[in-house]
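Model the full assembly from the supplied sequences, consistent with the hints where possible.
Following the numbering used here, the numbering of the sequence shown begins with 75 at its first residue and continues without gaps.
Any given hint might turn out to be false.
Lysine to any residue pairs mimicking SDA-like chemistry, simulated, CA-CA at most 25 Å apart [unchecked claim]:
1. LYS97 to ARG110
2. LYS125 to PHE142
3. LYS82 to SER95
4. LYS111 to ASN132
5. LYS176 to ASN153
Hints listed in this document are in silico derivations from the structure and should not be mistaken for laboratory results.
Predicted, not measured: the structure shown is a model, and the values here were computed from it.
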Amino acid sequence: MYAENLKKIRKELDLSVAKFSAKIGIPAPTLTCYERKERVPSINLCIQLHKKLNVNLNWFISGEGEMFNSSNTTAAPINVEQLKQDLFLEVRHLLQNEGVIK
Numbered sequence: 075m076y077a078e079n080l081k082k083i084r085k086e087l088d089l090s091v092a093k094f095s096a097k098i099g100i101p102a103p104t105l106t107c108y109e110r111k112e113r114v115p116s117i118n119l120c121i122q123l124h125k126k127l128n129v130n131l132n133w134f135i136s137g138e139g140e141m142f143n144s145s146n147t148t149a150a151p152i153n154v155e156q157l158k159q160d161l162f163l164e165v166r167h168l169l170q171n172e173g174v175i176k
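Here is the structure:
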């Protein structure tokens, strides 16, 4: 889901891979690997999406809710431990669906 959601964010902002990656502070080839599901996003990527683009991390991980946090409210602090657990579960689910693990 993260790969599709990264593409959705980039397209919503009408940014090329190069411009989007520069905006969130990662190399363009890394972003391409994320979008192709060749790499799993790091916690740092999630934090940058939240801080720099106001991305709703619940939406990014689960697809639930709005893509962006409401601009007229203060974003809730990030619970890094919960975010790690959520990412772990999402990656595990993806690997199970691909038949890599049981």
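Each hint tested on the structure:
no.: 1; hint: LYS97 to ARG110; verdict: holds (19 Å)
no.: 2; hint: LYS125 to PHE142; verdict: holds (11 Å)
no.: 3; hint: LYS82 to SER95; verdict: holds (14 Å)
no.: 4; hint: LYS111 to ASN132; verdict: holds (19 Å)
no.: 5; hint: LYS176 to ASN153; verdict: violated (29 Å)
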